[in-house]
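Please take these sequences and the hints and turn them into a complete structure.
Number of protein chains: 2
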Amino acid sequence: MIDAKVKATNIVWHNPQATKAQREALLNQRGATIWLTGLPSSGKSTTAYGLEFELIEKGFLAYVLDGDNVRHGLNKDLGFSAEDRAENIRRVAETAKLFADAGLIVITSFISPYRVERDFARRIHLAAGLNFAEIYIDTPVEVCEGRDPKGLYAKARRGELKGFTGIDDPYEPPLSPELVCRTEEFSPREVVFRIIEFMVEEGFLEGRAHLWPYGRSCAGK
Amino acid sequence: MIDAKVKATNIVWHNPQATKAQREALLNQRGATIWLTGLPSSGKSTTAYGLEFELIEKGFLAYVLDGDNVRHGLNKDLGFSAEDRAENIRRVAETAKLFADAGLIVITSFISPYRVERDFARRIHLAAGLNFAEIYIDTPVEVCEGRDPKGLYAKARRGELKGFTGIDDPYEPPLSPELVCRTEEFSPREVVFRIIEFMVEEGFLEGRAHLWPYGRSCAGK
Chain D
230 MIDAKVKATN IVWHNPQATK AQREALLNQR GATIWLTGLP SSGKSTTAYG
280 LEFELIEKGF LAYVLDGDNV RHGLNKDLGF SAEDRAENIR RVAETAKLFA
330 DAGLIVITSF ISPYRVERDF ARRIHLAAGL NFAEIYIDTP VEVCEGRDPK
380 GLYAKARRGE LKGFTGIDDP YEPPLSPELV CRTEEFSPRE VVFRIIEFMV
430 EEGFLEGRAH LWPYGRSCAG K
Chain P
230 MIDAKVKATN IVWHNPQATK AQREALLNQR GATIWLTGLP SSGKSTTAYG
280 LEFELIEKGF LAYVLDGDNV RHGLNKDLGF SAEDRAENIR RVAETAKLFA
330 DAGLIVITSF ISPYRVERDF ARRIHLAAGL NFAEIYIDTP VEVCEGRDPK
380 GLYAKARRGE LKGFTGIDDP YEPPLSPELV CRTEEFSPRE VVFRIIEFMV
430 EEGFLEGRAH LWPYGRSCAG K
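In order, the protein sequences belong to chains D and P. Residue numbers 230 to 450, in the numbering used here, belong to the letters of the first sequence in order. Residue numbers 230 to 450, in the numbering used here, belong to the letters of the second sequence in order.
Everything hinted at is true.
It does not matter which identical chain is meant; a pair holds if it fits inside one copy or across any two.
Listed next, the in silico EDC-like pairs over lysine to aspartate or glutamate satisfying Cα-Cα at most 16 Å (straight line):
hint, residue 1, residue 2
1, Lys384, Glu371
2, Lys391, Asp313
3, Lys249, Glu283
4, Lys249, Glu286
5, Lys305, Glu316
6, Lys287, Glu426
7, Lys384, Asp398
8, Lys384, Asp397
9, Lys391, Glu312
10, Lys249, Asp330
Rather than coming from a laboratory, the hints here were simulated on the basis of the structure. Since the model is a prediction, treat every value here as computed from it, not as a measurement.
What follows is the structure, given as structure tokens:
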């Protein structure tokens with residue numbers, strides 16, 4: 230009986246499979262990961278959401294991965310031990326890669342303080358033929374501490390938060406990031422347009438760069 | 230000095246934020262998760278990739294999450310213990326939710342043998358206002374075992390694979406799935422079109438249902 234069933238279902242299966250190229254043609258864009266890194270309160274989230282908004286306004290499908298949508302869901306089993314922080318960033322890197330493979334421009338907004346983890350993110354993207362840029366939101370720690378919208382630096386200074394990046398846990402600045410943005414010198418809007426300009430220059434927005442018909446002067450340089 | 234720096238950077242930050250509605254307007258579709266569940270070799274992957282292909286052909290942005298792109302990346306730290314299998318499905322559910330939130334139609338193709346995990350996936354989607362459908366690829370175990378393209382059932386029968394769903398680990402059939410598809414009665418193409426028909430009926434493809442201008446007769450019923 231089992232043999233009979235086998236034969237009955239042993240038909241030729243036609244297995245169509247969509248390609249990344251099809252998704253990119255549908256979206257008229259190439260998948261990419263824009264990896265923001267920087268100290269707490271350096272301006273990563275503002276940059277990420279500003280960039281997402283500008284890209285979507287122009288018809289690009291962009292999506293932000295940050296603590297709000299990742300720490301409360303995918304990574305809610307993780308705390309802030311060194312091991313858990315590493316696993317947090319590993320999963321963000323892998324998830325960003327899936328989004329980029331699906332054709333989206335994904336913007337990650339995590340402190341991601343260690344070089345080894347950011348290098349891992351870059352490596353898995355490049356190995357898959359996906360665009361990737363590490364962008365250093367380079368804001369001096371005293372400026373970040375002055376902003377401190379959630380009072381976290383103050384808590385860390387009082388010893389109520391342990392292992393706080395910039396206070397008692399190290400931040401390893403990128404050695405060769407694709408771009409450095411200084412938020413104490415340029416407005417959020419200027420930073421966003423500098424990143425757009427970078428993306429145009431690097432071909433991340435190929436075919437539709439004309440949507441931003443301005444020169445460097447608008448990009449906060 | 231710190232105070233002076235604070236004031237200098239304490240500008241009014243204009244924080245634009247893109248909405249899910251904007252992404253959906255850009256894509257002309259609503260985000261959704263189509264959650265396939267069924268025994269090993271039941272036809273989940275064939276269904277998933279066939280559905281993805283058909284949706285992309287018609288201009289919808291769809292993406293498959295399956296063992297190939299998740300087990301080797303995001304979840305490569307996980308094995309096949311009961312605990313790890315649960316964590317595997319939990320992460321898939323959370324990742325699918327992120328994709329659906331980004332506006333994609335994501336198709337998950339995992340055995341996902343336990344009701345509690347599938348219910349979790351449904352719950353987090355509905356709580357976020359995202360479309361979700363659990364689709365049971367209902368293929369009798371003897372048919373699956375007869376297909377066995379990777380020889381896994383044979384290995385499990387010989388005791389070389391422990392905890393194999395359908396042999397020595399339970400599969401809990403859905404109690405109230407949105408749809409049941411019988412791959413031993415219908416061709417892969419018919420199954421895919423039955424799912425499309427379901428999505429049209431449920432409004433998952435609202436505004437563009439005319440892209441499939443045929444009645445039930447094409448859907449393998």
